Amino acid sequence: MIEASAGRALRVGRRLLGQQELAPLIAIVILFLVFEFRSGEVGFFTNPDLMSSVAALTSSVGMVSLGVTALMISGEFDLSVSATFALGPAVMGWLMREWGWHILAGLFAGLAIVALIGLINGLITTYVGVPSFIVTLGMLFAVTSWNRIILGGFPVDLIEEEGTVKKILGADIPGTPIAAPFAWMVGIGIILAFVLWRTQFGNWTYAAGKYGGGVARAMGVPVLRVKLTNFVLAGLLAGLAGILQFADFGSSSVASGIDINLLAIVAVVVGGTSLFGAKGTVIGSMLGAIILGSLKVGLIVIKVPSEYYLGLVGVLLVVSAGLNARVEALRRGGTRSTLFG
Amino acid sequence: MSTAAVTPVAELVNVTRRYGKNYAVRDASFAIHPGEVVGLVGDNGAGKSTVVKMISGYIEPTAGTIKVQGEPVRFGSPREARAAGIETVYQDLAIVDEMALWRNFFLGQELHRRLLGIRYLRVKEMARICDEHLAEVGLTSVESSNQTAATLSGGERQSLAISRAIHFDSQLLVLDEPVAALSVRETRRVLEAIEAAKQNNLGVLYIDHNMDHVLPAADRIVIMHRGTISRVVHKGDLTVDELSDAVAESGTAAGDGGG
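Protein sequences, first through last, are from chains A and F. Residues in the first sequence are numbered consecutively from 1, following my numbering. Residues in the second sequence are numbered consecutively from 1001, following my numbering.
These are computed hints drawn from the structure, not numbers from a lab. All clues stand as given, with none of them false.
Restraint ranges, calculated between C-beta atoms of paired labels, are given here:
(1) A:128 - F:1180: 29 to 39 Å
(2) F:1113 - A:302: 49 to 59 Å
(3) A:172 - F:1059: 57 to 67 Å
(4) A:138 - F:1045: 38 to 48 Å
(5) A:167 - F:1092: 46 to 56 Å
(6) A:318 - F:1212: 45 to 55 Å
(7) A:130 - F:1083: 24 to 34 Å
(8) F:1237 - A:128: 51 to 61 Å
(9) A:183 - F:1180: 47 to 57 Å
(10) F:1073 - A:105: 42 to 52 Å
(11) F:1044 - A:133: 30 to 40 Å
(12) F:1073 - A:22: 44 to 54 Å
Chain F regions said to be covered by chain A (calculated; three or more residues, Cβ under 8 Å):
(13) 1074–1088
(14) 1098–1104
(15) 1116–1128
These numbers were taken from a predicted model, which means no experiment stands behind them. Each residue gets a CB set at the ideal place from its N, CA and C atoms; glycine is no exception.
Here chain F stands alone, though its shape is the one from the complex (with noise of 0.2 Å):
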């Protein structure tokens, strides 16, 4: 393993999420290292979600350890593991279509001056910085960043969130289902924009119950299986036909077992 030496962006160690005597997650341990793309692969139910809630600080994990950058950390909100680098983009909560796509791109992060206390926004600076940053994810249709997002399509709203972790240093990007409901085209934009994530070093978690959809983006999946990890695959390692049979053998014979 190549990676081996560098520090994870981010890493779960042994980690438990529990709600009385059910258990979301158990005992989970991964990494994702800088430039790299890993996918996280489960039916609904396995605990994909309790995962991303717990690394962008909704929950808190029961055991277990979460850390970035090497050091353990504890989120108390969504906006403490945003100030540790962790950017996550949720399917159907990343943009607000009534504001303009420059509002959306800063929203919580706005360039400001502090006057009597009162922080004026630098409306220039940041419609120029996102201007800017929509090219390089390949945003090319957009005209300006003065428009509302209701003009984006749902791959350029993905692409919109992504550019917006990349500019703002993110050490991992979480992506939670982001072409479920795409076009192959739109596929292929996000793609791409994962591409540019990934060439500025950021680590990815890509999130999805469809192999399929991780499968040409991810170097690395992790597969799990009513909250434990049932396996972890390199995607050098196997072929896509390979790969694909191991998820669902790995589905099936913990899903006999479980059952």
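Chain A on its own, in the form it takes in the complex (with noise of 0.2 Å):
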């Protein structure tokens, strides 16, 4: 009986991990090695407060992540995310303290807003038949835009202090040094990754990545419906990601956010999602994430100067796509599955 659910438990967990997760796995391990070992007297992953470091880095690119992933694996990109991530907070902050709107209206509010904006990233782009990454290029431009002249150059505070609102959002988790925005991705992100895995939705939104949905689409799913919804779910998790570390750093700017479209691409790339649809996990990209965040702290405890971590996430993208086209291309000679597969 335990070795049935023990046989049981190792399946799932293979399933879980599964061969595409394997690699950006072993690379966080290595990395926090060769950090910790480092770093001398320091410590990195013994080190409570830079794991909370590492955490609070990941949690705003996993998450951004995440929407970016389910949109890629149905075919499209998002660029406007960075821009999203600031306007979440923007429109929630600067309705709290123009029009003194409650903390949880001016959260809904928010969220409603990137929602839209996903929305019509997915609408331009599904019904006027413009390419994603021209669309959100766009949107990107437009909300930036927007951003400035909502919040006018300055910085907007989350004035409810000590709300229990706010503590939900981005306080620490009691008895630990990790943010709230963490443990709100590692939740978010294994509701998705079941969604992908286990749902209809989930099955039709790789079948809508393959072909520009035209396999799919033969096949009687509702493709455009299904690239729609991953469009809203790429806006509104980048909002949240932005109102989460919002209510984690008690403050927001224009500048909140800067780079986190490009980086959350490289996540979702690292953790093995393919750019040309249909294959990818979200479980990936939040070890993606990890990485990127691992990397930041560790260089900077390791005395490597701050200025080579872009070139080393360059590199890192590199090698991981060019890692990820020889396995698949390995793997297509052979029988074996893949997570999804």
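Bring the two chains, given one by one in their own frames, into a single complex with the hints.
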């Protein structure tokens, strides 16, 4: 009985990780060990303060990458997520400051606006037929401009200093040095992984990413609706990520989330998701985000000048994309299945 | 005609599709009966693919009627055509390589249970059913329906798509150049799968520009030229050589007339 359930747990565990997530997982282990042993007495994963920083850096990029992953699996891009990231807290903070809105009302208004941005991206892409790369690039500029208009160049503060809502969104998880946004990322990531793996919508998301949705459409899948849903999800999660960081830091500005659209794509690719759609996992993307966060903190700890960080991110991106391509070529020769295969 | 008494699974009655002043298909009529393979042959631009698109719900006829099981139908989308029992297998658009065989098999019609408005996949059941059907169409090399479709050969993909049509009780299976890029051995595999579909009483519409591909499979052959049906031949009526000549002549004659 115990053996059977252990075997089952092992099988489930193996399926959950699959092969795609194995490479980023190994990379994390290596990074953690190298940073631990090269950092002397400071330590790395044994140092709660450093882990707190890694978690904070990971949670923003990671949360944004969740929606970007699902969208990319369905065959579309969203470059506007960095602007959406700043828009969520901007709307929320502005409504609370200027109109005295309650934090919850501000929260939902912020989420509604960012979901709307995703919806507009999706509608223009699917119904007008403009490639999502162009639509969301345009939206990136438009929303950035809008953020400047709302905030007028000044940061906005989260006025409710000690409220329950703020604690749930951004305070440290009790008994740990890890801030709540990390738990939000992991929680939503696991739910989304399950949705993609085990629901009809998930199956349709993967199918929509192949040949511009051609196969799925031929099989009667409502491809436009599936893509549209994923656009909304990408906007919503980017805005939520911004709001969670807002709750954690206590303030937000136009500059919040800058470059996070590109970093999220790095996390997604490092996590093994294909730029051509139909293949990928959100678990992989979270691991990719952890790699980025660890790298940033770890380099400082082992006294590598911070100027090297972006260069290493670039190398990491290209190397992992190259590895994915090679592994994929090898896999096509064999009959072994992948996580979603 | 022994099949005349049976209601055709699908029938085109004076179907026309016009783009502006150009006729892609003009006044085409033919029927497909249960357990019958109808070949649709013609050169590029003959109107074959327009016929396929109308039957599978991508476009609507400008004039005329499409009937399924004797009832006139109008399809607004491929989804509606599929719901009416018409399963179309496109050469390149049949399979998602990256997805497991069972996910491909059930794509668009996944078995699920609803909980709080969310449709959860019934994975084990789908994998089991898929395994059974793969054996039926001779896909014995497949170890498990959990492997990705990327591991299948070209013929095996077509077979998977055909077995899908059999399982979902389709009335009509539309095959768009199913063996165009396949080896002799692979072609035989697909013909076996088509035979299995016939045995399950499906009507099969088999489209190809190459007569040699259609000939071994079809019971009856509809020859199209420049949007119209130039000839319908029964396999038994002529020998293989005579049939090939008939196609060649039909094409040449009509070509000269229209040229």
